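Chain X: place on chain W using the hints.
First to last, the protein sequences are chains W and X.
Using UniProt numbering, read the first sequence as starting at 1 and increasing by one per residue.
Using UniProt numbering, read the second sequence as starting at 1 and increasing by one per residue.
Since the hints were derived computationally from the structure, they do not count as laboratory data.
The structure presented is a predicted model; accordingly, all values stated were derived computationally and were not measured.
Where hints are given, some of them may not hold.
Straight-line alpha carbon distances no greater than 30 Å define the calculated DSS-like cross-link-like pairs of lysine-lysine that follow [as the list claims (entries may be wrong)]: (1) X/Lys138 x W/Lys411; (2) X/Lys62 x W/Lys138; (3) X/Lys62 x W/Lys427; (4) W/Lys59 x W/Lys146; (5) X/Lys62 x W/Lys117; (6) W/Lys329 x X/Lys62.
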Amino acid sequence: MTLDRSVSRRRLLQLVGGATVTATVAGSLSACGGDGGSSSSGGTLKVIGVGDQEAGLRKVLDAYKASHSGFDFNLSFAPADQVQTALRTQLGGGNAPDVHVVYPGNGSAMSMAQLGKAGLLTDLSSQSWTQKVPAGFKGAFQHDGKTYIFSPGSSMLGAIYNKKAFATAGVEPPTTWSELLAVCDKLKKKGIVPIAVGAQTPWITQLIPYALVPGTVYAKTPDFDDKMSAGQASFADSGWADAMDKYLELQKKGFFNDNPNGTTYEQATSMVGTGKAAMAVQVSAVLSAFRAAAPSPDDLSMFPFPATDVAADNWIPAGVVVGIAVSAKSKQADQAKSFLDYCGQQENLNTWAEAVSCVPLYGDAKVDPALTSFLPNLKANKAVPFMDQRWPNAEVQPTHFAVVQQLLGGKTTVQDALKKMDEAYRKGA
Amino acid sequence: MTASVAAARPEVARRTRRRGGIVPPWWFAVPAILVYALVVLYPSIAGAGSAFTDWSGIGEAKSFVGADNFKQLLRDDQALGALRNTLLLTVAIVVVQNALGLLLALGVHTGIKSRLMLRLVFFAPVVVSPVMVSFLWKFVYNPAPDAGLNAALGAVGLGSLRQDWLGNPSIALWSVAFTVIWQCAGYSMVIFLAGLEGVPAELHESAMVDGAGTVARFRHITWPLLAPAVTINVMLSTVGGLTLFTQIIAMTNGGPGYATDTLSTVLYKQAFVFGKFGYSTAVALVLAVFVAAVSFLQIGYLRSRETTA
Numbered sequence: 001m002t003l004d005r006s007v008s009r010r011r012l013l014q015l016v017g018g019a020t021v022t023a024t025v026a027g028s029l030s031a032c033g034g035d036g037g038s039s040s041s042g043g044t045l046k047v048i049g050v051g052d053q054e055a056g057l058r059k060v061l062d063a064y065k066a067s068h069s070g071f072d073f074n075l076s077f078a079p080a081d082q083v084q085t086a087l088r089t090q091l092g093g094g095n096a097p098d099v100h101v102v103y104p105g106n107g108s109a110m111s112m113a114q115l116g117k118a119g120l121l122t123d124l125s126s127q128s129w130t131q132k133v134p135a136g137f138k139g140a141f142q143h144d145g146k147t148y149i150f151s152p153g154s155s156m157l158g159a160i161y162n163k164k165a166f167a168t169a170g171v172e173p174p175t176t177w178s179e180l181l182a183v184c185d186k187l188k189k190k191g192i193v194p195i196a197v198g199a200q201t202p203w204i205t206q207l208i209p210y211a212l213v214p215g216t217v218y219a220k221t222p223d224f225d226d227k228m229s230a231g232q233a234s235f236a237d238s239g240w241a242d243a244m245d246k247y248l249e250l251q252k253k254g255f256f257n258d259n260p261n262g263t264t265y266e267q268a269t270s271m272v273g274t275g276k277a278a279m280a281v282q283v284s285a286v287l288s289a290f291r292a293a294a295p296s297p298d299d300l301s302m303f304p305f306p307a308t309d310v311a312a313d314n315w316i317p318a319g320v321v322v323g324i325a326v327s328a329k330s331k332q333a334d335q336a337k338s339f340l341d342y343c344g345q346q347e348n349l350n351t352w353a354e355a356v357s358c359v360p361l362y363g364d365a366k367v368d369p370a371l372t373s374f375l376p377n378l379k380a381n382k383a384v385p386f387m388d389q390r391w392p393n394a395e396v397q398p399t400h401f402a403v404v405q406q407l408l409g410g411k412t413t414v415q416d417a418l419k420k421m422d423e424a425y426r427k428g429a
Numbered sequence: 001m002t003a004s005v006a007a008a009r010p011e012v013a014r015r016t017r018r019r020g021g022i023v024p025p026w027w028f029a030v031p032a033i034l035v036y037a038l039v040v041l042y043p044s045i046a047g048a049g050s051a052f053t054d055w056s057g058i059g060e061a062k063s064f065v066g067a068d069n070f071k072q073l074l075r076d077d078q079a080l081g082a083l084r085n086t087l088l089l090t091v092a093i094v095v096v097q098n099a100l101g102l103l104l105a106l107g108v109h110t111g112i113k114s115r116l117m118l119r120l121v122f123f124a125p126v127v128v129s130p131v132m133v134s135f136l137w138k139f140v141y142n143p144a145p146d147a148g149l150n151a152a153l154g155a156v157g158l159g160s161l162r163q164d165w166l167g168n169p170s171i172a173l174w175s176v177a178f179t180v181i182w183q184c185a186g187y188s189m190v191i192f193l194a195g196l197e198g199v200p201a202e203l204h205e206s207a208m209v210d211g212a213g214t215v216a217r218f219r220h221i222t223w224p225l226l227a228p229a230v231t232i233n234v235m236l237s238t239v240g241g242l243t244l245f246t247q248i249i250a251m252t253n254g255g256p257g258y259a260t261d262t263l264s265t266v267l268y269k270q271a272f273v274f275g276k277f278g279y280s281t282a283v284a285l286v287l288a289v290f291v292a293a294v295s296f297l298q299i300g301y302l303r304s305r306e307t308t309a
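Just chain X, with the same shape it has in the complex:
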């Protein structure tokens, strides 16, 4: 309604908004746009050009190789293995982190006295540097039977579950995923909490009057109204999962072997370890396009779900 009125009388609408101070003049953003263009847009676009060269990252020697780097990517076993790892990690992170975040949010969205303290506790890992968290978890994952997680398992009679958490190629990826989930679940929780705060209490009250139980109220009231929070959480954790880098480098450096390599670690290694900056930029471009495509598809689907909910 408001939109159609504004469209019919644009002059009035614009003036009204200005007078109300809702839309500040666009040129207020110029300094920010300039800085952004200089430090983000220009280097990104200039850097993208390297994807079509064989530049080593140092020195002057550089020649145009067309789409060779992209063709090579399709035949690169290491990159394809990394793509598989990236997708597995992303699915694990999106599903588990958000499920855990939702459970935590529902748990602390109560009237109990310690709820603020609990929120703080669950959110605490988010504010710690990912490198610090990785080193902390390297101690937890110490393979010695009398250290860290293995010692804890032994103490509760689950000694048979002891593992070489980061050294076993079959387990390492999931160990890293768990660390990321542990750190970021609090973040999802906060977004879900904000969503929960927006659910009108009257709806629950009237549903209760109608005899709806906890599960029914969650399914028919809370969950549909949480749709915007789900959209944000899924988007953020998907992008985080697809570009996961810090924790991998700090905990396993992509190893053992190639077991925990992701697209981000592959592009890093190509640039700085193998000295193939051109190829690395090609991987980076493909990753960027992939992340953008997945995000658009997701947001399209999740937003349509929000409107029908």
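With the rest of the complex left out, here is chain W:
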């Protein structure tokens, strides 16, 4: 124990000395009534989530608190961009919160596989809900056969669109690439920006490739990820090139707002909410943010973003949404694990999934009506996880963000951009 502590302190000092000092996000919440903290079995659980999780995580925590006397929690949130800095610093220093946000699969510095590998997460495999994780999703939840993360389900990625804007231009959601171009053309002629892109916010840059690649890559090569890791495929010589060409084609035809690189996620959200723009390629988890930006939430719905003219090839991206895990060093691991077990119960899972507009991990609860057009693809097994969840290191995704910005800024070619991603991929784990 003593040894552990001294190591931790040294780590923390190294972190502080070797790089920029970062802000920590832990806030202090005054104990709010009740007998919180006084019971030996209870105590205040420190929880740090990411903004997108708030609607669901808070609901489930509140429900758990109501049914467990002596339990209290201290919940704070960090924006997605800062999670890596703030939480990694705490993890490095050995003072991570009891429960914290973790990204499913591999491919980011805060992903389940990277943190699991480093021995920073508690094994949840003994919890009953882990048995119900669908086979196709196991890679997102498990590393070396151990389950390290709880996530409420999968988010759809497609076009969030403004029904009023579509009605103004007299168009319907398209089902093929050509139809999409025609719809964009009509919208543009009506003076409505067809697709809002806020590429100044780095994570937005990846969404259009993620929407197109299931059709241009995975429909033809379902084992593309395996081929990539075996070194038998590359981004540059695959349907990724087609997807990137299509991304640029949309820009060249003037279907994006002016200056996507100078536009933020928030600005793009507001453009679609108010009908200035007709759609944005997005994950369903942010539907609530778009609805909040619209005069009436019913104005917004979603449809799968078509990538090809062969309807059967239009697969969809459906990724496990960002989840939570228990820190391996938590002093209240039992409490924390009991909370995650509670999250895994069908009813609580449904509550969380509904709040963040995702399809629950298991069971057949009702889903957000905006997602109904995605369900046939899910049933037909024409869905692929978000691409980064199988990437081998934390460098491919940021490289993807950067090369897309370069492409949109006219500073590189599709081939050079994909070669850069290949280089980052080959750096391995």
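Coordinates of chain X only, in the frame set by chain W:
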């Protein structure tokens, strides 16, 4: 003269200084030295060791990789691009910020009544947090034609100059540089003002009697006597430019693409985004040595200029 006397009779000199209370006992500084050693020196030295490992920043796994991280740095296109950006930014900041600071200082070093108010106005941006300034300027740089700077350009008939200030990879670096200059010019101004206060009025008066004009007096009296202020300003803005971080992260996050990445943002991203703490520390070490070397060279040159001036 004083120095040679003190050297010849060190005992007397020491006693005199002590009696006069000029040099307090060295051990007064011990608490400060201890705190400094604990929170700055020890972590810095301990952290530097990570530069020779492949540590990810979390977990126990760490192995010694020798100079691999430094070799990798030489082949890293992103880091070399960032070095180029860092140098461009530094040159722009050092030249423009100090020129502007000097002009402002000369402007407010007059007898006019509002000079104190003007000094305050020009100094105001310095005291605002760089993050706040960055967000403020993000609004100014809004790419929409009817917002911020673009709207102002349109209003004065310069609509053709409208730009995507932060989104265009060819312009973004200069947009950030301008923000930094805008914020820090007041700082340079204050240092130049202090220098100007030290220029004896008699010199100007006698030069005027001799018939020297404004330009001649500036060139032959003010400028040489401002040399110490120039040294401080150039040093500070060089170090500031070479280590520029906050404004970049807050305004562009190094983008679009890699267009505004600096060495500081690269080392930050390597540590916290890519999970390569060892490599990041190597970049940090190289940056620290580079900044120190540039500073020493500069101070050597500028100080020699001060003595000959």
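Each hint, compared with the structure:
Distance hint between lysine 138 of chain X and lysine 411 of chain W is fulfilled; the C-alpha atoms sit about 22 Å from each other, no more than 30 Å. A distance of roughly 28 Å separates the Cα atoms of lysine 62 of chain X and lysine 138 of chain W; the hinted pair therefore holds under the 30 Å criterion. Only pairs whose Cα atoms come within 30 Å are accepted, and lysine 62 of chain X paired with lysine 427 of chain W is accepted, the gap being roughly 17 Å. Distance restraint check for lysine 59 of chain W and lysine 146 of chain W: the Cα-Cα separation of roughly 27 Å lies within the 30 Å cut-off, and the hinted pair is therefore satisfied.
Straight-line distance between C-alpha atoms of lysine 62 of chain X and lysine 117 of chain W comes to about 13 Å, which keeps the hinted pair within the 30 Å bound. Note on lysine 329 of chain W and lysine 62 of chain X: the hinted pairing holds, with a Cα-Cα distance of about 19 Å set against a maximum of 30 Å.
The structure is consistent with each of the numbered hints, conforming to all of them.
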